[in-house]
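Start from the sequences and build out the full structure, keeping to the hints where you can.
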Amino acid sequence: MEQTVDHSSRDAALIARICKADQKALEILYRHYYNQLARFITRVTFREDIIDEVINDVMFVVWEKAVSYDKECKPSTWIFGIAFNKARQAARDSNRNSEESLDDLDADNSYFEEDNDKLKQLEMTDWLTPALEQLTADQRAVIELTYFQGLPYHEIAVLMDCPENTVKTRMHHAKKKLAVLLNESN
Amino acid sequence: MYSANTKLNSVQNPYAAHQEIVKLLPWHINQTLNHQEIDKVESHLKVCYLCQQELRCLQTLANTVANQPFINTSELKLSAKFSTISARINSTEVEKDYGYVSVAGQKSLGFKLGNINLNINGFAHKSGLAMAAAVLLAVLIPRLETNVTTPTEYQTLSNSEIATVQKDAIRVIFLDDSKKQEINALVASVNGQITSGPTEQGEYAVAIKGEITASNVQGVIDNLKKDTNVLFAEPAYAMLSANKSTGN
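Those sequence lines, one after another, are chains A and B.
Quick note, the first sequence lines up with residues 1 to 186 if you use my numbering.
Quick note, the second sequence lines up with residues 1001 to 1248 if you use my numbering.
Since the hints were made in silico from the structure, they are not lab data.
Some clues are possibly wrong.
[What the hints assert, rightly or not] Pairs of lysine to any residue residues, derived as SDA-like cross-links and limited to a Cα-Cα distance of at most 20 Å, are as follows: (1) A/74 - B/1077; (2) B/1040 - A/53; (3) A/74 - A/158; (4) A/24 - B/1023; (5) B/1023 - A/169; (6) A/24 - B/1199; (7) B/1077 - A/28.
[Claimed, not checked] These stretches of chain B come out as covered by chain A in the derived footprint (C-beta under 8 Å, 3 or more residues): (8) 1052 to 1061; (9) 1075 to 1088; (10) 1225 to 1234.
Each residue gets a CB set at the ideal place from its N, CA and C atoms; glycine is no exception.
This is the structure:
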């Protein structure tokens, strides 16, 4: 779980500066979140080619909507929530011609055909990446947010804008789909 | 009432408790459950073989996800990537200040007359709309003379200021391993001269010599981008806030 240290107050202070049109604060926030967002977007969409476009859109929304951040959730939850929506939107837009749903993207292997070292590394380290392809984008997002970002289910519900029970059910169904591989690993 | 019923169900129907607990196990592993939930889960785990097995599977999944390689992007690349956002913000601020608003991919020309806003989409391609706009403008011209709102009075979310493009300058970031000689030769080849840099982020300011127009600045940028040593190139923007924020 990557985010073991709570950076909420640091990030909230940066967002307050962004409200005053401080681009330097946005740049610091961008640097703090880039790698985490890149991984999250990759995991949700299985599309490496839209990472920068989506992060660009996310940070632009942060810049434009910083004043609307109400502090009811953690800054990271707010930012990842924007990223989740933008990633889904970008994946849908880029596949609109073929009228694929986001879940149909799961079967798209073009992501792994690219000559990209970090993607190959992700693919080859274990059984997980091909296993995750069996899941829907929403299920993958729940797994990633739970076990890489270390978020509680109620925060994931806020981030994904759905009831808490939906988050639990998505995880439960994801685990059932992965059951065979997980049992083999044990 | 609800919790009493749930408790009753848990006592009378162990399967109901199992269904509830098994869905909490993923967050028992990432240690984000509250005390009450932890007590429930741990009590149940003592007597439920299925949940013990489920917990082991989930632990494997958690370890595998957590140990996946983390994407690491170099500071230099982050600087170049952020410059794209910065340019987008600056250009948007300029558009806002001059009343240009992007609507569904089409540019609109926006006028603000006192308390009345008028947007002419696509610059009034349809004659009917053009007529209506002309009539409305004729009625409102007296207001225009007495109550003109200047661009700088527009309210934006970010207390915008006007970003100006420095027509004779561009910003360039070269690859880490580019040699000074190569950089100088490349800049000279596009009739430019390094005026400052590199900054902490590896950014150079390059002044362009000779006759300056928007198209030849873009031509210089395009030529620079063709070179494999160039990571990033764009027109230089001058923002007051950029200078202010350096003190932070």
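*Given the proposed pairing of residue 24 of chain A with residue 1199 of chain B, does the C-alpha separation stay at or below 20 Å?*
Measuring from Cα to Cα gives roughly 15 Å; hence the hint holds.
_If you count the residues of the region 1052 to 1061 of chain B with a beta-carbon closer than 8 Å to a beta-carbon of chain A, do you get 3 or more?_
holds (count 6)
*Three residues minimum, CB to CB under 8 Å: does the region 1225 to 1234 of chain B make the cut for coverage by chain A? Let me know.*
violated (count 0)
*Would the pair residue 1077 of chain B and residue 28 of chain A pass a check requiring their Cα atoms to be no farther apart than 20 Å?*
holds (14 Å)
_Using a Cβ cutoff of 8 Å, are there at least 3 residues of the region 1075 to 1088 of chain B near chain A, or does the coverage claim fail?_
holds (count 8)
*residue 24 of chain A and residue 1023 of chain B: Cα distance at most 20 Å?*
violated (42 Å)
*Keeping to a limit of 20 Å between CA atoms, is the pair of residue 1040 of chain B and residue 53 of chain A held or broken?*
violated (44 Å)
*Does the alpha-carbon distance linking residue 1023 of chain B and residue 169 of chain A stay inside the 20 Å limit?*
holds (7 Å)
*If you draw a straight line from the CA of residue 74 of chain A to the CA of residue 1077 of chain B, is it 20 Å or shorter?*
Cα-Cα ~28 Å, so violated.
*Compare the distance between the alpha carbons of residue 74 of chain A and residue 158 of chain A with 20 Å, and conclude whether the hinted pair is satisfied.*
With Cα atoms ~10 Å apart, residue 74 of chain A and residue 158 of chain A stay inside 20 Å; holds.
The structure fails hints 1, 2, 4 and 10 (numbered hints given earlier, in ascending order).
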